[in-house]
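Protein sequence lines correspond, in order, to chains A and B. Going left to right, the first sequence walks through residues 1 to 459 as my numbering numbers them. Going left to right, the second sequence walks through residues 460 to 888 as my numbering numbers them.
FYI, nobody ran anything at the bench for these hints, they're computed from the structure. Computed from a predicted model, the values in this text were never measured in an experiment. It is possible that part of the hints are untrue.
[To be verified] Cross-link-like lysine to any residue pairs, in silico, SDA-like; alpha carbons within 25 Å at most:
| # | chain 1 | residue 1 | chain 2 | residue 2 |
| --- | --- | --- | --- | --- |
| 1 | B | Lys-519 | A | Glu-22 |
| 2 | A | Lys-116 | A | Glu-22 |
| 3 | A | Lys-57 | B | Gly-497 |
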Amino acid sequence: MNDALKKEFEALVGKDNVMESESDRFSYAYDAAVLEPVMPSLVVRPASREALGRVVKLANDNGLPLCVRGSGTNLSGGTIPKLGGLVVLTNALDKILEINEADLYAIVEPGVITAKFAAEVAARGLFYPPDPGSQAVSTMGGNVAENAGGLRGLKYGVTKDYVMGVDFFDVDGEIVKSGSRTVKCVTGLNLHGLMVGSEGTLGVFEKITLKLVPPPLAQKAMMAIFDDINKASETVAAIIAAKIVPATLEFMDNFTIRTVEDFAHAGLPVDAAALLLIEVDGHPGQVADEAEKVEAICKKMGALRIQVAKDAAERNKVWEARRAALSALARVSPTTVLEDATVPRSKIPAMMHALGDIASKYKLTIGTFGHAGDGNLHPTILTDRRNKEEWKRVEDAIDDIFDVALGLGGTLSGEHGIGIAKSKYMEKETSKATILFSRRLKKALDPKGILNPGKIIGE
Amino acid sequence: MSDMKELLRQLGELDDQLVSCMRCGTCQAVCPMYAQTGRESDVARGKIALLEGLAYQLVKDPAGVQDKLSRCLLCGSCAANCPTGVRVVDIFIKARAILVTYMGLPTVKKIIFRGMLTKPGLFNGLMSLASKFQGLFTSPANDVIGTSCSRMLAPIIGERHFRLLAKTPLHSDFPSLDTPAGKSGLKVAFFPGCMVDKMYTGVGTASLKVFAHHGVGVFLPADQACCGIPALASGDMESYFTLVRENLAAFKGGNYDALVTPCASCTATIKDVWPMLADRMSPAEQEAIKVMADKTMDINAFLVDRLGLTPPAPAAGATVVTMHDPCHLKKALGVSVQPRTLVAMNSHYALKEMAGADVCCGCGGSFTLTHPEMSAKIGQQKRENIKNSGAQVVATGCPACMMQISDMLSRNGDSISVKHPIELYAESL
Chain A
1 MNDALKKEFE ALVGKDNVME SESDRFSYAY DAAVLEPVMP SLVVRPASRE ALGRVVKLAN
61 DNGLPLCVRG SGTNLSGGTI PKLGGLVVLT NALDKILEIN EADLYAIVEP GVITAKFAAE
121 VAARGLFYPP DPGSQAVSTM GGNVAENAGG LRGLKYGVTK DYVMGVDFFD VDGEIVKSGS
181 RTVKCVTGLN LHGLMVGSEG TLGVFEKITL KLVPPPLAQK AMMAIFDDIN KASETVAAII
241 AAKIVPATLE FMDNFTIRTV EDFAHAGLPV DAAALLLIEV DGHPGQVADE AEKVEAICKK
301 MGALRIQVAK DAAERNKVWE ARRAALSALA RVSPTTVLED ATVPRSKIPA MMHALGDIAS
361 KYKLTIGTFG HAGDGNLHPT ILTDRRNKEE WKRVEDAIDD IFDVALGLGG TLSGEHGIGI
421 AKSKYMEKET SKATILFSRR LKKALDPKGI LNPGKIIGE
Chain B
460 MSDMKELLRQ LGELDDQLVS CMRCGTCQAV CPMYAQTGRE SDVARGKIAL LEGLAYQLVK
520 DPAGVQDKLS RCLLCGSCAA NCPTGVRVVD IFIKARAILV TYMGLPTVKK IIFRGMLTKP
580 GLFNGLMSLA SKFQGLFTSP ANDVIGTSCS RMLAPIIGER HFRLLAKTPL HSDFPSLDTP
640 AGKSGLKVAF FPGCMVDKMY TGVGTASLKV FAHHGVGVFL PADQACCGIP ALASGDMESY
700 FTLVRENLAA FKGGNYDALV TPCASCTATI KDVWPMLADR MSPAEQEAIK VMADKTMDIN
760 AFLVDRLGLT PPAPAAGATV VTMHDPCHLK KALGVSVQPR TLVAMNSHYA LKEMAGADVC
820 CGCGGSFTLT HPEMSAKIGQ QKRENIKNSG AQVVATGCPA CMMQISDMLS RNGDSISVKH
880 PIELYAESL
């Protein structure tokens, strides 16, 4: 970075908010994806939304590629900068600007932490449902940019279902407004819809308006134990077919069950081929009714045993086991590759079968758990990226997983994003025209290609 | 030694531990440094990435990495909350030593650690001399807390409000002890630690009073040395090994059921850090360390878990106490219930929890000297939480936390006294 430009950034955000040393820059060269680090030339941390806009303009004036970063928990390399580019941190913009209890919406700055926001909303007696796995640290800006999901996706939807509006900076640092505080709004193009899941390639978020809902009054959790993966998968389809939509409907395979039990000693049945963790919520009467029906369906579909949580402590135990899944698997080997190829839920039995075949074909350990209710499984490959020969097999296995998922009518990514990790597969799922259309769109909005270049649609 | 090859080789030995970090970034939620700065290089994930970058020569500036590594309280909040169980504190302690080997130890630290701390006789003599003259250049700051401040020493200690060195250190009043087990049938080896020996002697006498009351025999050998953590935190492995050896010699031949300390940091060091680094010592020393470490207990945990102290009724006394959980007690050793039990043993007190009782106080041992502004920022947050609890007393089981919290309260002119739980319990006997 030349000194004059650096000084201009310092003038915009203050000297203390500009980082240039090698060790500072290297600590923004990676995110949570298993990819090689890429060095930026400068890192800035604007302390106001106005300064954020001016940073975008200065970068554009100088043709400097910029990568907006919240907490860097991205699993597809979306927050890995361009070599020599600029990293723009949003974590100083962490104010909840408004929580409106009468009109059920909130307005936040992009750097607000998801879990802190959800807790603040809960303290006002309301509910913000999206709960991505990284919610303790992830930012709302990142959640919107990636269209983050979570455990409650099946019933409550994902981030996009809660975005009522986004104000964002275009490359000239001008504010573009889209959406409203109102439930209904057809004013102008649906630009906030375009921003959701755009991974920082089309604009830089200034503030976000989010929908809030009343919380459910009651919950009931249960664990259904199966001696056959197919029976578990078919049970998922049967529950939905019975017109019941549980808040969460999670799956764990035998390898994951054994690993979690070794680690957390939660009393899981280590002989079970598969587990379903199910929670229904809503009005107490409805919850009791649906829980009974779900139990009956599980039995009918051949569950060996069903454990219904009798109280909050037992319910907590069920979900502790699920929350421990990734930690437990990740402790088995040095490198953990968490995939999120997603299939229509009726295809889960076929997907599970294929994952078993892929694991034996490439001699890899794959533990699978995830959001069975919405077809979003997380096959987790346990490996060591330092072992080059094995890493090659991992890459080949990932290619196969995508082929299978797409063959079943599924999608490359349910909730982790395309970033740089999956951009090469984009054409397989969509079409050449889709990519060209997207590139033309980007070119029109970002002629110099400074906004997170290389992500989703390549360059 | 400034041999790049050797630096890379030593970092290579950490590789298996470094690689276990999956970069999820969960540590950002709990790191007290990150809460202040929002900078990735201040959180565990950033530092681990930097060490890996250095090991694989993606980062070329060891001095820059060393500087980032120093910006850490070693509080272990990250390790205690790490989904994949990365041994963050172990990694950072070893990495600091590796970088000091490469970069060299600053002269001031050389003088302090190698010239003074590792020579207990000389160290005690110097401290006792200082305690005689400290009144000349300090003035009282807060009577309730018992702190002083000093304009003359400001270039060294800054704006700090500190507790004066005790007129007579604990080892002068009790040069050594070797009393048999009484009615409890138990005998402890007592390791007061430097701060209790020289500054918070009241904690030491309270401990001895409690042992006597419960018929616990005490083995207190002369010539105890520092547990080694200050030297180690500065990457001075040589001084650390000297100190461990001095302590092994001092406690050799002692016959005791548990080695008890009233200092959370000393307990965590002897129990966790000594065994972690034992493989670099002789087989006989390794065996001695294992025996000592296995027997080492925090004093709160000893009294509650081994002696079985149970409060007669929930405390509802007139004086409100709030508790601060030292990182080295709760996060390192899982001890948090026992200090509260000990306070509840005294019916004059009632417990009222503050917000964020287990958030680091910002002391971090020598961190408070090397990064005073950051330390004070983190400490000020702790002060707000203490103040908001409405308590008249704050109790904590670590003299280093006591020192930091005293400084913060005193600078704000608060009338809240700072005590060790053992002092509150001893008052009732």
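Hint-by-hint comparison with the structure:
Distance check on the hinted pair: B/Lys-519 and A/Glu-22 sit about 8 Å apart at the alpha-carbon level, within 25 Å; holds. Distance restraint check for A/Lys-116 and A/Glu-22: the Cα-Cα separation of roughly 32 Å exceeds the 25 Å cut-off, and the hinted pair is therefore not satisfied. As the CA atoms of A/Lys-57 and B/Gly-497 are separated by approximately 24 Å, the hinted pair is consistent with the 25 Å bound.
Hint 2 alone, counting from the list given before, is not met by this structure.
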